[in-house]
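Number of protein chains: 2
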Amino acid sequence: MTRQMTSRLDPLLRPSSIALIGASAKAGKIGNAVLTNLLAGDRTVYLVNPNENEILGRKCYSSVKEVTGVVDLAIIVLPASASVSATRECVAKGVRAVIVSASGFSETGKAGLQLERELLDAIRGSETRILGPNAMGVFVPSISLDTLFIPKDRSRRPCPGTVAMISQSGAVAVSFMEKAAASGLGISACVCVGNKSDIDEMDLMQYFEEDSGTNCMAMYLESFSDGRRFIELSKKMSSSMPIVLVKSGGTPAGARAARSHTGAISASSDPVVNGALRQAGVTRAREEEDLVDLCRAFSVMNYLRGGRICIVASAGGFGVMASDLVESNETAPSLSMAVPSEKTSSALRSVVPDFTSVQNPIDLTAGVTDEMYDEVLAILQTDPGIDAILMSLELQPPNVTRQLIEIAGRRSAGPKPIVASVFAGDQATALTEAASAGLPAFPTIRRCVRALNALVERGMHLSR
Amino acid sequence: MTRQMTSRLDPLLRPSSIALIGASAKAGKIGNAVLTNLLAGDRTVYLVNPNENEILGRKCYSSVKEVTGVVDLAIIVLPASASVSATRECVAKGVRAVIVSASGFSETGKAGLQLERELLDAIRGSETRILGPNAMGVFVPSISLDTLFIPKDRSRRPCPGTVAMISQSGAVAVSFMEKAAASGLGISACVCVGNKSDIDEMDLMQYFEEDSGTNCMAMYLESFSDGRRFIELSKKMSSSMPIVLVKSGGTPAGARAARSHTGAISASSDPVVNGALRQAGVTRAREEEDLVDLCRAFSVMNYLRGGRICIVASAGGFGVMASDLVESNETAPSLSMAVPSEKTSSALRSVVPDFTSVQNPIDLTAGVTDEMYDEVLAILQTDPGIDAILMSLELQPPNVTRQLIEIAGRRSAGPKPIVASVFAGDQATALTEAASAGLPAFPTIRRCVRALNALVERGMHLSR
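Chains as they are written, first to last, in my numbering: chain A, 135 to 598; chain B, 135 to 598.
For the record, the hints were derived by calculation from the structure and aren't laboratory data.
Please read all numbers here as calculations on a predicted model, not as lab measurements.
Keep in mind that a hint or two might mislead.
Same chains, same label: a pair holds when it works inside one copy or across any pair of copies.
To be verified - Simulated pairs of lysine-lysine, DSBU-like, Cα-Cα distance not exceeding 35 Å:
#: 1; residue 1: 477; residue 2: 244
#: 2; residue 1: 286; residue 2: 199
#: 3; residue 1: 477; residue 2: 163
#: 4; residue 1: 199; residue 2: 163
#: 5; residue 1: 227; residue 2: 160
#: 6; residue 1: 244; residue 2: 199
#: 7; residue 1: 227; residue 2: 163
#: 8; residue 1: 227; residue 2: 244
Construct all of the structure, not just a fragment, from the sequences and the given hints.
Written out as structure tokens, the structure reads:
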């Protein structure tokens, strides 16, 4: 994150000092997992636990109020009712942001709802803001801020990047981050909002809108805190920044589950939500894998001007499947098969073997070389009838090398962007290499086609 | 493969001796890649190349006719027209099976079609059978038979198992095998049929139907050699063995691409094909990833008796998304949310924390332990209102261990099978461990739900 302005959320997302209330020396305890992750960062961390004098050789305070220095952020890892009194102490101390991780609030019924009201009462009239309750915390890789209660060795974190993630579920956030990390997608921040008693998705959207280090917004929501305002805010934001959203709880069973998960109340039916989101320019993703995919595409190229796709493959079968998908109304309503010009076809003819098809899809066959691919991509860049290239990048043929990834990345900087599906013995490594080369790359054709379609639909939205 | 009967395809799939026609010492040549893969097996391999006296210290024959011993299988890696004359020599030598890898036949137009006719003329009246042309070859892991021209270090092969794969595309077969290998799905064989001039999908289906080591049939086809016979054969076979098929070339662009890839002519429109396949009990997969997924499920449990699904998760967000998907008509038309009995709910209440939801979806929260999960799964096994369990298996919570995979595998052997989505820091390893534990496991909830739906629909087909 590279934010210039100051915000009331800075103490949450850029704290200089943190108090961990409920710190524990015992492995397996949440208060221990958070402690380990916090200490990996390089800022002041105060430990609070009335039953200990010290933990890992560090002084333990019996209350946050005993800390003499400034505390920007307090992380409370206590049971629900104890979290309420700890929050009161944070307010008394002047702590500006509090993360409440405990569950057992509004998501559990009447008594929990009452407890959540008491939590909000605790900050009333103060400058203290609450993330949660029932919230896993925040992760900001560029400043090594990690308040999550999942050990790093159990869940790989992504590198710094330009996608900000807001999630109503800690687990979905973790899965999003693991999938991002595994394929080289970097993030600017990940914030788990839990029950959203105070800080909600809109506060955070506004925060990241002003963050020059964020160029794509990823979200998982089970409910909107204020549907109408969410749509208005999204409409305004989406003109400059792609917003990709997984909205769950759209079926009766899902809505019931959401209520007992985060106390979320899904007010509107799924088709109504869909229509409103589309008008606001929000791209709807299906689950966290899809969310990673679409953010990967948007973080590289923002949008596409048109949907005429030229397919190039060295594997005929993938050319066939890609053609089916590009023409499928279900998967890709906004894509169509480009028709390469005569000039393109004859230029291609001069660089590919005789038995190769130079129609769309272009099938370079297993005899393909790096040089051949480079020339073909250069020729396609000059055809005015092509908006983008779908490349089935296979590293198995004997005469291609890993250089092909770098070649595709370089060619993708031309007027016709390239989205690639990567097939390689070691796919994870190849996908990470593709990400480093600036190439939006995916492990199946279908996922490429979904990404291309989303890019084109965003382009259509922006031109309206 | 553990086939008892003898078949005319044994020389192709269980050869004792192989001649490689077009063997090459030069790295990067197809004739070299195949040579390396062949020599890793432990059977007689004769090298044929009129321009060499020896390759890698092995004698080179100038023609297959010069070989004095019996040759069961010849693999011809020569250009198209030279492949025709080499096939004639194989017939003269009495070779029983020939794999022709070259492209440049019927898929390229008139001249190629003529060449393919000459290829067929070469075997007319003989006992020789042709796989191809334009075929990548065969892989049978249980007997270390690997005739593919893709080096092993570029493309990981799966372990021995019970799924037989027939593919009209070499690349799709390779991608299928890589995805199978990466997640621990074993195969009995993989056969790439290419242009299917002689040996076609039905010959191979009949072969594998009689193979007691095969319990699931995977296929990628761009065309049916004889649609009516395919449907009849499938109807007969599918009562004992699940058949999972990716059929591409269903759109006009896909059909055009298929014609120039394998000369395939897609005769019927996609909806017509869909209806016929459904009636024949064939499960249609979308692409090779989906094919791996469905085969994984079928190879473990063949079918499910009913579609009432109980969801159990330690991550509330996944419980919500799973509920949406199970209720979705699009993703899972044959699944519904099970309603656990009063008895089940009160039994669950006694083993889970107070704030946990014991309705479907059951949310065990991040405080879950291995023991709690084990008890919960045992209780669900006794509920007559549940047909199967969808488990969101998270390894991130501090008090679960990798033992949980083994526990789930053991509980899945009960009357209510378990399909699991696995979320772990190192997902590839966790998926492989799940496969070893006999648990059908996938990296997303959506893929679990698709697999469950396919198992239920097969059950419905079998009961009709």
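- Since the copies are identical, ignore which copy is meant and state whether residue 244 and residue 199 lie within 35 Å (CA to CA) inside a copy, between copies, both or neither. within (31 Å within a copy, 87 Å between copies)
- Copy assignment of residue 477 with residue 244, given that the CA separation must stay at most 35 Å: between (71 Å within a copy, 24 Å between copies)
- Alpha-carbon proximity context of residue 286 and residue 199, limit 35 Å: Within. Shortest intra-copy distance 30 Å satisfies the 35 Å Cα cut-off; inter-copy 63 Å does not.
- Since the copies are identical, ignore which copy is meant and state whether residue 227 and residue 160 lie within 35 Å (CA to CA) inside a copy, between copies, both or neither. The answer is within: 27 Å in one copy meets 35 Å, while 75 Å across copies does not.
- Task: First find the shortest C-alpha distance between residue 227 and residue 163 inside one copy, then the shortest across copies, and answer within, between, both or neither for a cut-off of 35 Å.
- Result: For residue 227 and residue 163, only the intra-copy Cα distance (26 Å) is at most 35 Å; the inter-copy one is 74 Å.
- Query: Given a CA cutoff of 35 Å, do residue 227 and residue 244 count as a within-copy pair, a between-copy pair, both, or neither?
  - Reply: within (30 Å within a copy, 85 Å between copies)
- Taking 35 Å as the upper bound on the Cα-Cα distance, should residue 477 and residue 163 be classified as within, between, both, or neither? between (67 Å within a copy, 32 Å between copies)
- Taking 35 Å as the upper bound on the Cα-Cα distance, should residue 199 and residue 163 be classified as within, between, both, or neither? Answer is within: at 24 Å inside a copy they meet the 35 Å cutoff, but 74 Å across does not.
This entry satisfies every hint, going by the numbered hints stated previously.
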